[in-house]
Amino acid sequence: MKFSEIIGQEEVKQRLLQTITDNRISHAQLFFGKEGTGSLPLALAYAQYIFCTQKTETDSCGSCPSCIKMQKLIHPDLHLFFPVTTTEKIKTKPISSFFIAEWRKSFLKNPYLSLAQWLENIGSENKQGNISVEESAEIIKALNLKPYEAEYRILVIWMAERMNIAAANKLLKVLEEPPEKTVFLLVVEDYDKLLPTIVSRTQLVKITSLKEKEIAEKLKEDYQLNPETATQVALMADGNYAEALTLIEKEEEISSQFNLFITWFRYAFAGKIPEMIRWSESTAGLPRESMKNFLQYTTRMLRECMVIRYHINYLAKTEGETKESLSKLSKFVNEKNIIPLTTEISKAIADLERNANAKILLLDLSFKIAKLLKAN
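Numbering (the numbering used here), first residue to last: 1 to 376.
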């Protein structure tokens, strides 16, 4: 992956390039950015630039033997680790190396790959991937290998916050006494879920959300969308290119997601308990990551209600029938209940991550939403 292939993030690219120009490559770096912002592509572009034998001041060459291998993710000094789960084929103690072919294929098809998309690709959409203590043994094994072709060996740990505590503690010991000529690139969406002692031993590389204009331009370039459609998708994606791709590839599902949201809130406001029970039972059948994504989407729709209610037109991200439906709902979403509403939804997302019973959780959340809407 070359820096030039990555959407936006020019300031981050320059900082990364400067570390190599100044010969001050930190042994452990933490690439922190929300889903779809390009944290993983940036980490791999950085690795390719380090390996490149004919680099320019601004990018890797893309044609030397090292670059060619990196573009296929098969460079012998690149070691990849990522969340996995048990599957039909892998019944116990799954580790990244068992899935490396699928992961390469997934990333090369979509460098802005989300965790939910990755788990779906391996048939584990109903499970939550993690990085186990068995994986930490694989990391240590990689450290026992000397660099094969390059000056450095680079270990990329994607979604490092998915490490369980045993794996995290083993990684911490390695970071405390790092081997020479080794670079760790940890890629996370939420570094608060990492051990603070790991965070303190890394150099933070913060990646911001993408600008709507950047997403729209990329969609027009790669998918030949007309300007109006590209702009609308970019607005709805909320700085997340992975979400933008979902929007253009699964239009019916996105429409269904809005219908799921608006139906839920109508039932809640009307206090229709039998309907809320049926809605909760049905929605609980979605893959767990999809439920979390839906709840995050709900938060964005509530934000849009506030924008519509207070006529902040330049921040509006919806139009047509969607905006009309939200306009009706916005009468019951205001400065008094918006924070409690989004707080309860955030709590529900956290509970889902802790494997709470989805049916009970969604029904309980429905009752809380009903109470908050009626307290208007």
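These are calculated hints, taken from the structure and not from any lab test. Hints are not guaranteed to be accurate.
[Claimed, not checked] Using C-beta positions, here's what the derived DEER-type ranges look like:
(1) Phe367 <-> Thr56: 57 to 65 Å
(2) Glu120 <-> Ser346: 22 to 30 Å
(3) Glu281 <-> Lys213: 37 to 45 Å
(4) Ala284 <-> Asn169: 30 to 38 Å
(5) Glu138 <-> Lys336: 47 to 55 Å
(6) Lys109 <-> Glu177: 16 to 24 Å
(7) Asn169 <-> Ile68: 50 to 58 Å
(8) Ala137 <-> Asp22: 17 to 25 Å
(9) Glu5 <-> Lys371: 45 to 53 Å
(10) Leu108 <-> Glu88: 44 to 52 Å
(11) Glu138 <-> Arg354: 22 to 30 Å
(12) Ile277 <-> Asn169: 24 to 32 Å
(13) Arg266 <-> Asp192: 20 to 28 Å
(14) Leu108 <-> Cys64: 17 to 25 Å
[Unchecked claim] List time: in silico DSS-like cross-link candidates among lysine-lysine, alpha-carbon distance up to 25 Å:
(15) Lys109 <-> Lys213
(16) Lys173 <-> Lys93
(17) Lys173 <-> Lys69
(18) Lys292 <-> Lys359
(19) Lys292 <-> Lys220
(20) Lys211 <-> Lys272
(21) Lys109 <-> Lys72
(22) Lys2 <-> Lys181
(23) Lys34 <-> Lys55
(24) Lys323 <-> Lys336
(25) Lys336 <-> Lys374
(26) Lys170 <-> Lys181
(27) Lys347 <-> Lys292
(28) Lys93 <-> Lys213
(29) Lys34 <-> Lys13
(30) Lys69 <-> Lys127
(31) Lys55 <-> Lys89
(32) Lys292 <-> Lys317
(33) Lys292 <-> Lys323
(34) Lys93 <-> Lys34
(35) Lys328 <-> Lys317
(36) Lys336 <-> Lys317
(37) Lys109 <-> Lys181
Even glycine gets a Cβ: it sits at the ideal position worked out from N, Cα and C.
Each hint, compared with the structure:
Between Phe367 and Thr56 the CB atoms are about 60 Å apart, so this pair conforms to the stated range of 57 to 65 Å. Checked against the hint of 22 to 30 Å, the pair Glu120 and Ser346 passes, with Cβ atoms roughly 24 Å apart. In this structure, Glu281 and Lys213 meet the distance hint of 37 to 45 Å, their C-beta atoms being roughly 42 Å apart. Range check, Ala284 to Asn169: Cβ separation about 34 Å, and the 30 to 38 Å hint holds.
Under the hint 47 to 55 Å, the C-beta atoms of Glu138 and Lys336, about 51 Å apart, fit the expected range. Distance hint for Lys109 and Glu177: a CB-CB separation of about 38 Å, inconsistent with the stated range 16 to 24 Å. Checked against the hint of 50 to 58 Å, the C-beta distance between Asn169 and Ile68 comes to roughly 37 Å, which is inconsistent with it. Taken as a hint, the range 17 to 25 Å is violated for the pair Ala137 and Asp22, whose Cβ atoms sit roughly 35 Å apart.
Between Glu5 and Lys371, the C-beta spacing of about 49 Å keeps the proposed range 45 to 53 Å intact. For Leu108 paired with Glu88, a C-beta distance near 24 Å fails the hint of 44 to 52 Å. Checked against the hint of 22 to 30 Å, the C-beta distance between Glu138 and Arg354 comes to roughly 26 Å, which is consistent with it. About 43 Å separates the C-beta atoms of Ile277 and Asn169, a value inconsistent with the hinted range of 24 to 32 Å.
Distance hint check for Arg266 and Asp192: the Cβ-Cβ separation is about 35 Å, which falls outside the suggested range of 20 to 28 Å. Taking 17 to 25 Å as the suggested C-beta distance range, the pair Leu108 and Cys64 conforms, at roughly 19 Å. With a C-alpha separation of about 23 Å, the suggested pairing of Lys109 with Lys213 holds against the 25 Å cut-off. About 22 Å separates the Cα atoms of Lys173 and Lys93, which keeps this hinted pair within 25 Å; it holds.
Taking the CA atoms of Lys173 and Lys69, the gap is about 31 Å. The hint is violated against a cut of 25 Å. Between the alpha carbons of Lys292 and Lys359 the distance comes to roughly 13 Å, so the proposed pair stays at or under 25 Å and holds. Straight-line distance between C-alpha atoms of Lys292 and Lys220 comes to about 29 Å, which puts the hinted pair past the 25 Å bound. With a C-alpha separation of about 40 Å, the suggested pair Lys211 and Lys272 falls outside the 25 Å cut-off, and the hint is violated.
With a C-alpha separation of about 11 Å, the suggested pair Lys109 and Lys72 falls inside the 25 Å cut-off, and the hint holds. Taking the CA atoms of Lys2 and Lys181, the gap is near 22 Å; set against the 25 Å cutoff, the hint holds. As the CA atoms of Lys34 and Lys55 are separated by approximately 29 Å, the hinted pair breaks the 25 Å bound. Simply put, Lys323 and Lys336 have alpha-carbon atoms about 22 Å apart, close enough for the 25 Å limit, and the pair holds.
For the given pair, Lys336 sits about 11 Å from Lys374 by alpha-carbon distance, which is consistent with the 25 Å threshold. Between the alpha carbons of Lys170 and Lys181 the distance comes to roughly 19 Å, so the proposed pair stays at or under 25 Å and holds. Between Lys347 and Lys292, the direct Cα distance comes to roughly 11 Å. Compliance with the 25 Å bound is thereby established for this hinted pair. With a CA separation close to 43 Å, the supplied pair Lys93 and Lys213 exceeds the 25 Å bound.
Among the hinted pairs, Lys34 with Lys13 is consistent with the structure: their alpha-carbon atoms are about 17 Å apart, no more than 25 Å. Proposed proximity of Lys69 and Lys127 is contradicted: the alpha carbons are some 32 Å apart, above 25 Å. Between Lys55 and Lys89 the alpha-carbon distance is near 41 Å, which puts this suggested pair outside the 25 Å criterion. Among the hinted pairs, Lys292 with Lys317 is consistent with the structure: their alpha-carbon atoms are about 21 Å apart, no more than 25 Å.
A threshold of 25 Å between alpha carbons decides the hint, and for Lys292 with Lys323 the separation of about 23 Å falls inside it, so the pair holds. Distance restraint check for Lys93 and Lys34: the Cα-Cα separation of roughly 28 Å exceeds the 25 Å cut-off, and the hinted pair is therefore not satisfied. Annotation: proposed proximity of Lys328 to Lys317 holds, straight-line Cα distance about 16 Å (limit 25 Å). The straight-line distance between the Cα atoms of Lys336 and Lys317 is roughly 22 Å, inside the 25 Å bound, and the hint therefore holds.
Taking the CA atoms of Lys109 and Lys181, the gap is about 31 Å. The hint is violated against a cut of 25 Å.
Going through the hint list in order, the structure does not satisfy hints 6, 7, 8, 10, 12, 13, 17, 19, 20, 23, 28, 30, 31, 34 and 37.
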